[in-house]
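Trainee: Protein chains in written order, with this note's numbering: chain A, 46 to 461; chain B, 601 to 905.
If you're looking for bench data, these hints aren't it; they were derived computationally from the structure. Don't be surprised by glycine CBs; every beta carbon is placed ideally from N, CA and C. A portion of the hints provided could be inaccurate.
[To be verified] Here are some, though not all, of the chain B residues that point toward chain A, as calculated from beta-carbon distances under 7 Å:
hint : residue
1    : N617
2    : E634
3    : N638
4    : K649
5    : I652
6    : L715
[Stated by the list, open to error] Below are the SDA-like pairs computed for lysine to any residue, each with C-alpha atoms no more than 20 Å apart in a straight line:
hint : chain 1 : residue 1 : chain 2 : residue 2
7    : A       : K201      : B       : D650
8    : A       : K201      : B       : K649
9    : B       : K649      : A       : D197
10   : B       : K645      : A       : D158
11   : B       : K645      : A       : R176
12   : B       : K649      : A       : G154
13   : B       : K645      : A       : Y166
14   : B       : K645      : A       : I327
15   : B       : K649      : A       : R162
16   : A       : K444      : A       : A291
17   : B       : K645      : A       : R162
18   : B       : K649      : A       : T198
19   : A       : K201      : B       : E643
20   : B       : K645      : A       : F195
21   : A       : K201      : B       : R647
22   : A       : K394      : A       : L379
23   : A       : K201      : B       : L644
24   : B       : K649      : A       : P157
25   : B       : K645      : A       : I182
26   : B       : K892      : A       : S135
27   : B       : K649      : A       : Y203
28   : B       : K645      : A       : A291
29   : B       : K649      : A       : Q199
30   : B       : K649      : A       : F195
31   : B       : K649      : A       : T160
32   : B       : K649      : A       : D158
33   : A       : K394      : A       : S375
34   : B       : K649      : A       : Y166
35   : A       : K201      : B       : R641
36   : A       : K394      : A       : I327
37   : B       : K645      : A       : Q199
38   : A       : K201      : B       : K645
39   : A       : K201      : B       : V646
40   : A       : K444      : A       : E338
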Amino acid sequence: MQPKSRSSVPSSTVAIEVSDVSKTFRKHSEPAKTLKERLLTLRSSTVEDFHALRDVDFEVLSGETFGILGHNGSGKSTLLKCVAGTIRPSQGVVRVRGRLSALLELGAGFHPDLTGRENVYLNGSILGFSRVGIDRIFDDIVAFAGLEDFIDTQVKHYSSGMYARLGFAVAVNLEPDVLLIDEVLAVGDEAFQRKCIERVRGFQADGRTICLVTHSPEQVRGLCDRAMVLDHGRLIYVGDVSEAIATYRQSLAEQGEEIPGEEVDRIELVDDSPVRFTDVWIDPPPDGRSAFEPGDRVTIGTRFDAQGVVPVRGHLWVHSHDGTLMVNVSTLDLIGTDVYASGPGGELKFVIENMPFTDGHYLVTMVLQAPAETREYDRNEQQLTFEVFTGGAVHGPVKLDLRLDTNITTPAPTAI
Amino acid sequence: MTAVHQQDLPPLLENGNRPPDLVSRVRDIWNYRELLVNLVRRELKVRYKDSILGFLWTLLNPLLYLAVFSVVFGVILRANVPRYGLLLLSGLLAFNLFSVGLSGATVSITGNGPLVQKVWFPREILPLAAIGANLITFCFQLLILMFGLAVFRQAPEWGMLWLVIPALIVTLMIGTGLGLLLSAINVHFRDVQHFLELGLLTWFWFTPIVYVYNFVGQALIDRWGPSAERFAMLNPMTPVVTTFQRVVYNPTNFGPEQQADFTLLLRPTSWYLQNLAISAVFGVVFLYLGFKVFTRLEANLGEEL
Chain A
46 MQPKSRSSVP SSTVAIEVSD VSKTFRKHSE PAKTLKERLL TLRSSTVEDF
96 HALRDVDFEV LSGETFGILG HNGSGKSTLL KCVAGTIRPS QGVVRVRGRL
146 SALLELGAGF HPDLTGRENV YLNGSILGFS RVGIDRIFDD IVAFAGLEDF
196 IDTQVKHYSS GMYARLGFAV AVNLEPDVLL IDEVLAVGDE AFQRKCIERV
246 RGFQADGRTI CLVTHSPEQV RGLCDRAMVL DHGRLIYVGD VSEAIATYRQ
296 SLAEQGEEIP GEEVDRIELV DDSPVRFTDV WIDPPPDGRS AFEPGDRVTI
346 GTRFDAQGVV PVRGHLWVHS HDGTLMVNVS TLDLIGTDVY ASGPGGELKF
396 VIENMPFTDG HYLVTMVLQA PAETREYDRN EQQLTFEVFT GGAVHGPVKL
446 DLRLDTNITT PAPTAI
Chain B
601 MTAVHQQDLP PLLENGNRPP DLVSRVRDIW NYRELLVNLV RRELKVRYKD
651 SILGFLWTLL NPLLYLAVFS VVFGVILRAN VPRYGLLLLS GLLAFNLFSV
701 GLSGATVSIT GNGPLVQKVW FPREILPLAA IGANLITFCF QLLILMFGLA
751 VFRQAPEWGM LWLVIPALIV TLMIGTGLGL LLSAINVHFR DVQHFLELGL
801 LTWFWFTPIV YVYNFVGQAL IDRWGPSAER FAMLNPMTPV VTTFQRVVYN
851 PTNFGPEQQA DFTLLLRPTS WYLQNLAISA VFGVVFLYLG FKVFTRLEAN
901 LGEEL
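Sequences are here, hints too, so could you generate the full structure?
Mentor: Below is the structure:
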């Protein structure tokens with residue numbers, strides 16, 4: 046944000062304006078780091094230009110949550126650095142109106158030898174806030190991070206979780222007008238992630254501007270009003286979220302990359318378990334499609350072997366990618382009684398008629414539990430996944446049968 | 601209502617491909633003065649963290665110099681320079697203000713990599729903080745010098761004492777200018793910080809700190825005539841160090857025969873001011889160069905680190 050100047054004609058609606066921004070890096074065949082190497086390779090070095098960004102042009106309106114999607118190496122981070130001002134574009138201009146806070150790396154700029162308290166003030170002033178301003182919200186920061194007992198401890202004694210919590214707490218409690226978020230929502234445990242997302246929603250409610258860089262389409266779907274897609278440094282789409290996600294998937298597919306999904310380690314099986322899954326599956330979407338559409342029937346099936354006759358309660362959980370629990374149901378809920386597995390080849394199928402979910406990536410967990418005990422016979426955690434793609438406008442996380450009743454006329458009334 | 605709201609908005613931040621101009625950059629630094637203060641505080645706090653004596657270490661260093669050189673040159677070698685420890689310390693502290701600050705400034709960008717990569721603030725703050733922290737250290741070390749004056753019952757030259765102020769300003773100008781220059785270049789060529797060590801060692805010995813200025817001045821006069829003495833001032837630290845020696849060490853405290861080695865220092869205020877003006881010209885040039893180079897190289901600091 047090098048030259049800083051007061052604009053005489055402020056346009057109040059645009060928070061971030063990126064005009065024709067290009068960024069070119071000189072790439073040496075081998076990075077010459079010392080003077081001698083530079084001098085020796087002065088003539089022979091093959092310098093090639095690497096275009097990290099080419100003529101990127103878009104605007105983020107104030108109060109908007111804007112998603113930036115792109116494959117690895119598409120220039121997302123370079124773009125965000127240009128917006129944050131840590132690197133200068135080779136061409137074009139980035140204008141940001143408002144106080145900017147970047148959630149680029151939690152706790153960047155913390156000094157290990159300083160206490161949490163000292164680091165909060167230091168970090169605040171790095172982000173451009175005054176001591177008085179930080180005084181006012183200091184208690185909120187500490188409470189949000191949940192570090193009341195450790196705030197006067199040197200941060201080198203913090204766990205990485207505490208470190209991240211304090212960093213996040215500082216960045217979000219300073220009440221920036223514009224918040225840049227780079228992938229950080231992907232770190233931390235689930236509880237912390239939920240807290241972050243809650244906070245982001247709070248920001249949205251306050252009408253602040255958020256710019257979210259991610260390669261998770263689900264986060265964009267869940268949080269953003271508009272989105273853009275970068276592909277090899279070029280802006281290939283900006284606008285509607287569904288369209289952006291479709292474009293992003295297409296750009297990934299062209300590269301032969303898979304859409305990133307969750308990978309969860311299989312929980313170790315108890316040796317003496319009397320019931321075991323032998324197979325779990327989801328019937329594929331109809332008509333040879335690769336993704337389900339709302340209204341489709343989704344059948345999630347399990348097959349298991351039992352030693353003797355064993356009472357079993359089967360559970361089905363479906364999570365959306367951002368961790369929201371969409372389905373939580375058991376055999377007891379469905380038929381009012383537990384089932385008995387006997388011998389090999391038992392089968393349970395959960396059939397979801399008129400599946401109502403909208404676009405996203407869904408993760409399936411199935412558990413075989415001993416009734417009236419907390420013990421689990423077997424668990425298949427988030428190995429099965431399915432995609433939903435509506436192909437049209439989406440009005441929320443579920444597709445409802447919606448209708449409008451009104452007594453007013455649809456043609457515009459004549460002007461008075 | 602919209603108008604009121606717009607007034608509340610912070611200024612528009614702009615990041616284009618042109619380096620910022622001096623005026624807007626100085627304003628940026630001013631806006632971030634609180635960060636500067638906090639970084640200076642951090643630097644000082646962290647330096648002696650977890651040590652029992654803490655900040656006292658800052659004072660022990662010059663105290664040791666004072667004691668050792670007083671004993672070695674006053675008692676063992678019986679040098680004919682009276683109160684050698686005081687002479688050395690008055691020049692050394694001034695030179696250290698420059699050299700330690702410059703060393704710290706040079707590695708300030710490379711040493712704060714994560715910060716520079718992730719968050720924008722006027723990066724000049726980092727070398728400035730290194731120099732600022734050293735200035736604070738210097739002020740405390742002056743206490744030891746004063747303590748030394750009191751112990752040896754010496755008085756500074758009260759009438760010329762104010763010369764210390766322009767001397768300090770000139771030192772900070774030179775240190776800051778070179779600090780900006782080298783800190784940015786050091787990101788691209790780490791050779792700079794190693795070269796600087798040798799450079800400062802050389803610079804130290806070419807400055808009349810350990811030996812008296814008379815040796816330098818007299819040698820130049822003997823060789824090329826009286827006006828050649830000016831060449832000594834091509835080392836911009838010489839005017840600073842000689843000013844400190846004249847004012848703080850104050851050779852007029854001693855008898856005529858002991859002043860023999862200081863004849864060239866017994867000059868009027870105007871002589872010192874002229875010399876400091878020459879150093880100030882160096883300072884302005886360094887500051888300008890430093891700023892120019894810094895703002896040019898700054899464009900990719902976030903990537904090069």
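Trainee: Next, verify each hint and record whether it holds.
Mentor: We went through each hint and held it up to the structure:
no.	hint	verdict
1	N617	holds (5 Å)
2	E634	holds (5 Å)
3	N638	holds (5 Å)
4	K649	holds (5 Å)
5	I652	violated (15 Å)
6	L715	holds (4 Å)
7	A:K201 <-> B:D650	holds (13 Å)
8	A:K201 <-> B:K649	holds (13 Å)
9	B:K649 <-> A:D197	holds (14 Å)
10	B:K645 <-> A:D158	holds (9 Å)
11	B:K645 <-> A:R176	holds (18 Å)
12	B:K649 <-> A:G154	holds (18 Å)
13	B:K645 <-> A:Y166	holds (14 Å)
14	B:K645 <-> A:I327	violated (60 Å)
15	B:K649 <-> A:R162	holds (15 Å)
16	A:K444 <-> A:A291	holds (18 Å)
17	B:K645 <-> A:R162	holds (13 Å)
18	B:K649 <-> A:T198	holds (13 Å)
19	A:K201 <-> B:E643	holds (16 Å)
20	B:K645 <-> A:F195	holds (19 Å)
21	A:K201 <-> B:R647	holds (15 Å)
22	A:K394 <-> A:L379	holds (11 Å)
23	A:K201 <-> B:L644	holds (18 Å)
24	B:K649 <-> A:P157	holds (11 Å)
25	B:K645 <-> A:I182	violated (24 Å)
26	B:K892 <-> A:S135	holds (18 Å)
27	B:K649 <-> A:Y203	holds (17 Å)
28	B:K645 <-> A:A291	violated (53 Å)
29	B:K649 <-> A:Q199	holds (10 Å)
30	B:K649 <-> A:F195	holds (18 Å)
31	B:K649 <-> A:T160	holds (11 Å)
32	B:K649 <-> A:D158	holds (7 Å)
33	A:K394 <-> A:S375	holds (11 Å)
34	B:K649 <-> A:Y166	holds (18 Å)
35	A:K201 <-> B:R641	holds (18 Å)
36	A:K394 <-> A:I327	holds (9 Å)
37	B:K645 <-> A:Q199	holds (12 Å)
38	A:K201 <-> B:K645	holds (15 Å)
39	A:K201 <-> B:V646	holds (13 Å)
40	A:K444 <-> A:E338	holds (10 Å)
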